[in-house]
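J.: Turn these sequences into a full structure, and let the hints steer you where they fit.
There are 2 protein chains.
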Amino acid sequence: MATPVFAPAPLEPGTLRVIPLGGLGEIGRNMTIFEIDGKILIVDAGVLFPEEHQPGVDLILPDFAPIRSRLDDIVGVVLTHGHEDHIGAVPYLLKLKQDIPLIGSTLTLALVEAKLKEHRITPYTLTVREGQHENLGPFELEFVAVNHSIPDALAVAIRTTAGTVLHTGDFKMDQLPLDDRITDLRAFARLGEQGVDLFLPDSTNADVPGFTPLERDIGPVLESVIAKAPRRVIVASFSSHVHRVQQVLDAAVANGRRVALMGRSMVRNMTIAEQLGFLRVPEGVLIDAKKAADLPDDRIVYMSTGSQGEPMAVLARMANLEHQIEIGEGDTIILASSLIPGNENAVYRVINGLTKLGARVVHKANAKVHVSGHAAAGELLYCYNILKPRNVLPVHGEYRHLTANAALAIETGVPAENTFVGEDGMVLDLRDGVARVAGQLDLGHVYVDGSSVGEITDADLKDRRILAEEGFISIFIAVDMQTGRPIVGPEIQSRGFAEDESVFDAVKPQIIKALGEAAANGTRDQHAYSQVVRRTVGRWVNTQHRRRPMIVPVVIEA
Amino acid sequence: MATPVFAPAPLEPGTLRVIPLGGLGEIGRNMTIFEIDGKILIVDAGVLFPEEHQPGVDLILPDFAPIRSRLDDIVGVVLTHGHEDHIGAVPYLLKLKQDIPLIGSTLTLALVEAKLKEHRITPYTLTVREGQHENLGPFELEFVAVNHSIPDALAVAIRTTAGTVLHTGDFKMDQLPLDDRITDLRAFARLGEQGVDLFLPDSTNADVPGFTPLERDIGPVLESVIAKAPRRVIVASFSSHVHRVQQVLDAAVANGRRVALMGRSMVRNMTIAEQLGFLRVPEGVLIDAKKAADLPDDRIVYMSTGSQGEPMAVLARMANLEHQIEIGEGDTIILASSLIPGNENAVYRVINGLTKLGARVVHKANAKVHVSGHAAAGELLYCYNILKPRNVLPVHGEYRHLTANAALAIETGVPAENTFVGEDGMVLDLRDGVARVAGQLDLGHVYVDGSSVGEITDADLKDRRILAEEGFISIFIAVDMQTGRPIVGPEIQSRGFAEDESVFDAVKPQIIKALGEAAANGTRDQHAYSQVVRRTVGRWVNTQHRRRPMIVPVVIEA
Chain A
0 MATPVFAPAP
10 LEPGTLRVIP
20 LGGLGEIGRN
30 MTIFEIDGKI
40 LIVDAGVLFP
50 EEHQPGVDLI
60 LPDFAPIRSR
70 LDDIVGVVLT
80 HGHEDHIGAV
90 PYLLKLKQDI
100 PLIGSTLTLA
110 LVEAKLKEHR
120 ITPYTLTVRE
130 GQHENLGPFE
140 LEFVAVNHSI
150 PDALAVAIRT
160 TAGTVLHTGD
170 FKMDQLPLDD
180 RITDLRAFAR
190 LGEQGVDLFL
200 PDSTNADVPG
210 FTPLERDIGP
220 VLESVIAKAP
230 RRVIVASFSS
240 HVHRVQQVLD
250 AAVANGRRVA
260 LMGRSMVRNM
270 TIAEQLGFLR
280 VPEGVLIDAK
290 KAADLPDDRI
300 VYMSTGSQGE
310 PMAVLARMAN
320 LEHQIEIGEG
330 DTIILASSLI
340 PGNENAVYRV
350 INGLTKLGAR
360 VVHKANAKVH
370 VSGHAAAGEL
380 LYCYNILKPR
390 NVLPVHGEYR
400 HLTANAALAI
410 ETGVPAENTF
420 VGEDGMVLDL
430 RDGVARVAGQ
440 LDLGHVYVDG
450 SSVGEITDAD
460 LKDRRILAEE
470 GFISIFIAVD
480 MQTGRPIVGP
490 EIQSRGFAED
500 ESVFDAVKPQ
510 IIKALGEAAA
520 NGTRDQHAYS
530 QVVRRTVGRW
540 VNTQHRRRPM
550 IVPVVIEA
Chain B
0 MATPVFAPAP
10 LEPGTLRVIP
20 LGGLGEIGRN
30 MTIFEIDGKI
40 LIVDAGVLFP
50 EEHQPGVDLI
60 LPDFAPIRSR
70 LDDIVGVVLT
80 HGHEDHIGAV
90 PYLLKLKQDI
100 PLIGSTLTLA
110 LVEAKLKEHR
120 ITPYTLTVRE
130 GQHENLGPFE
140 LEFVAVNHSI
150 PDALAVAIRT
160 TAGTVLHTGD
170 FKMDQLPLDD
180 RITDLRAFAR
190 LGEQGVDLFL
200 PDSTNADVPG
210 FTPLERDIGP
220 VLESVIAKAP
230 RRVIVASFSS
240 HVHRVQQVLD
250 AAVANGRRVA
260 LMGRSMVRNM
270 TIAEQLGFLR
280 VPEGVLIDAK
290 KAADLPDDRI
300 VYMSTGSQGE
310 PMAVLARMAN
320 LEHQIEIGEG
330 DTIILASSLI
340 PGNENAVYRV
350 INGLTKLGAR
360 VVHKANAKVH
370 VSGHAAAGEL
380 LYCYNILKPR
390 NVLPVHGEYR
400 HLTANAALAI
410 ETGVPAENTF
420 VGEDGMVLDL
430 RDGVARVAGQ
440 LDLGHVYVDG
450 SSVGEITDAD
460 LKDRRILAEE
470 GFISIFIAVD
480 MQTGRPIVGP
490 EIQSRGFAED
500 ESVFDAVKPQ
510 IIKALGEAAA
520 NGTRDQHAYS
530 QVVRRTVGRW
540 VNTQHRRRPM
550 IVPVVIEA
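Chains A and B, in that order, are what the protein sequence lines are. Heads up: the first sequence is residues 0 to 557, going by numbering that gives the first Met the number 0. Heads up: the second sequence is residues 0 to 557, going by numbering that gives the first Met the number 0.
Hints in this document: simulated from the structure, not taken from any laboratory. The reader is advised that the hints may include incorrect statements.
Identical chains share a label here; the pair holds if one copy fits it or two copies do between them.
[Claimed, not checked] No more than 30 Å apart at the CA atoms, straight line, and that leaves these computed lysine-lysine pairs for DSSO-like:
| no. | residue 1 | residue 2 |
| --- | --- | --- |
| 1 | 461 | 355 |
| 2 | 387 | 355 |
| 3 | 94 | 461 |
| 4 | 461 | 507 |
| 5 | 116 | 96 |
| 6 | 289 | 114 |
| 7 | 355 | 290 |
| 8 | 227 | 355 |
| 9 | 116 | 94 |
| 10 | 38 | 387 |
T.: Written out as structure tokens, the structure reads:
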């Protein structure tokens, strides 16, 4: 299963080439390209949210390098569902070429169109639904209903002359879903009987034993928590989780409460979901957030964002008393969401803040108020046994998830050599039912920071980490190049290092002395003097303070 | 339960004053001071490990401000057990006054003495054991055995003329512990019958329902994982977890394997534990790490540190192939530890790295290889019912843990107004069985960074966070104060902002123009010119790049 970095041979006619640009080795920025006979099909184009070692980054995109010079060959982008990690990079892709067609279900396209509107892009779209077939160049597509934590999700079967591929998108197999739209195992069975040459399954929960519990077990819990709440109830969830919002609406009605939606994305998404019939809003239950304040405290439920502790979202602002709704004794907060790894500190800071204000905080750890949207190991075994795929490329997961998914494939009889655990940029060629690793592209992370895309590099992030750990010291000197004598300076500034800048008085004479010695030894150029300053200050700060701040010398000719 | 910041009245004779300096609102830097009739007793002096929003900080100490001018009044420091969050600040306390007596059990004092040796301090110590009574000035101490994830832990009862206090230290109530040393509920019962006026219980797991599972359930799991391991086994755990190491030694022997201890603190602590009889090392099981490499792969277990993903510890270095032991296909890694919140990303990075190298990684989420060392809610209820304390001050927890513990007290009949959920610096006075909040001190965080203690401030950390998010731009100019004309510069440097520094060419003319205009409007001083530069660059970077880096102007007189 090793994947060395090597260049693939040119693609021969009749061979299908599969390259995941994102989603392998990370939960996010899902994007896979399929190429045959000169044409390219893309499945998903999502974003990844940064971790703490990527400070100040807003978003991370897949590296579009392999398709940048091939934009005219792209026949379309299939979007499996409307989550950010599957559609978030679409605006950046369409900025390269606006008329690439987007193919997806009604809800998925509505959500991506709302997003594109903010970027002032009107896309070309093709709405599809489960059971539908579409031909795009050499690709014959069939869409299959799957159940996930957002409605109207689709898997896609891709038939080519080289073989048949099934990409699940994100899915689970809730057998009693709220909208009765189950993952279509009959279609999976039929595809399996016809023969699936390559299967790309969601790996997110592949290392979770057993089965994801039923969505409908959540409703009664929400209802009973709301029933017991003496004052206001605030429920926080993902802004696209239509079914969770549905359950909150229903639980509110059962308790004679009204619901106010809070947060821009929550209002936008639920408006779309209602218009398209995915959210059933009981008559008169919704109330404008501003008017809700006039209701008695035990008659209102606020439905908000911020379940991951995001500092600017409604919930964190409430915890910091920076929101017009002032949380107090008797209020109940429900975090109806999973705790995404890496967000623990932020979430617990919010929970502590709300608790301190007197609120009761109900979350996944102390009540069954959320279930995952991804298939656990038990469900994946069903898929493998129904499909009996010839080859498996687990997608959508960190390395540990991909490995766990491959192990499940092997347990159901897929030969180990036909399971491919790889990284973004892996090149997999398929022909006559045989898949093989044909190359490995060296793909990067593309960082979005402010209005810049790809300007911030890994080197900048390394600098930022050093700055965060140690701060910096900058030393400015205008030097006589012949004598090394400072004409102006040394002028020393620091941040994140020490409050009292008089500490630098000790090193200034050392700098002047070192410059003089360097000149005596023949130094005459700016760069060499800079190095002298860097070394002198570096040695001093390390010996005297046992610290390693970034040292930024600026030596100019006087 | 509100605790406004207010100054306590001077302490009257015969009243006991309790002030937690650390451990309230955080898991770490536990330290509480008790004062009566002019004398001070300290219980524990621990450190807190920094979170991601405190970058570059090595350790966080309790604020010693309230005792700094009272060092001669301190009768001693009781150390309840040998974990860093209870003993780690002792060296910094003894640097203020070396002859403050330390009181603790054999193992606790051995561990603190080893630590003090590194700081070249030889302490005054008094070794005590369970059941023992000692008088220190106005404090009559009685030590009670408690069970925890390190041997030889003690609770301490403190009798004064103002009433009796019981401080649990850290504990749980494993009823079948490996060393048969259970938390002494007979002693708790006796103390309860005599009357406990103030109870300070460990809150770490107060929000975990039920009971902490038995330590001895771990052994068979470890044994079976090791039995099935085809090649090398690496177990990572806390370096002071004597019982876990004991279980690994026993499991290794049962499987005909030898054990190599890795990591300086692991070797040091286990050497002490063996010498004092707390660790039973079976004849011939230990082997030097260097010699272990000569054994067949299926005959060795490495016992290492790094279970929290610490980047410099053995395990993370193995995952990065920066360790002499090269992990490969067939190796088994066991993380026999809890995953401390906030460490998830680091730990999963290590797990992904090890998995990628071909190893199987067994951890708490997929096998029962660890149990907590702290009493869960069910155990705390036993304590409350046996003790029936008059007043309760939950310690050792974030706000949500303290609140959960107080709720348990109230459920067992402690009046709500007698439970005190507070923050570090809360002043609680006790007299005639009545406790009341008498003040709130404003205590800070004392940061240790390199060799500096308390030099780094919250302002520096704020600077570091901005630097991490956005990087910085520094602008140097030597200006003619009369005309605003730059004589040298503008010379612009940046880090963490953009790779290509030619972006700044655009703003340089704007700076020169703005300085000229300022001079025309009468500006003549350095500070005002600096502000002009800051505003000009700030506006440019915000408009052109939608970013907010730290802007550091250095304007000097030419």
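J.: Hints first: check each against the structure and report whether it holds.
T.: Consistency of the hints with the structure:
no.: 1; hint: 461 to 355; verdict: between (37 Å within a copy, 24 Å between copies)
no.: 2; hint: 387 to 355; verdict: between (54 Å within a copy, 26 Å between copies)
no.: 3; hint: 94 to 461; verdict: within (29 Å within a copy, 36 Å between copies)
no.: 4; hint: 461 to 507; verdict: both (28 Å within a copy, 27 Å between copies)
no.: 5; hint: 116 to 96; verdict: within (16 Å within a copy, 67 Å between copies)
no.: 6; hint: 289 to 114; verdict: within (26 Å within a copy, 59 Å between copies)
no.: 7; hint: 355 to 290; verdict: within (27 Å within a copy, 55 Å between copies)
no.: 8; hint: 227 to 355; verdict: within (20 Å within a copy, 48 Å between copies)
no.: 9; hint: 116 to 94; verdict: within (13 Å within a copy, 63 Å between copies)
no.: 10; hint: 38 to 387; verdict: within (28 Å within a copy, 77 Å between copies)
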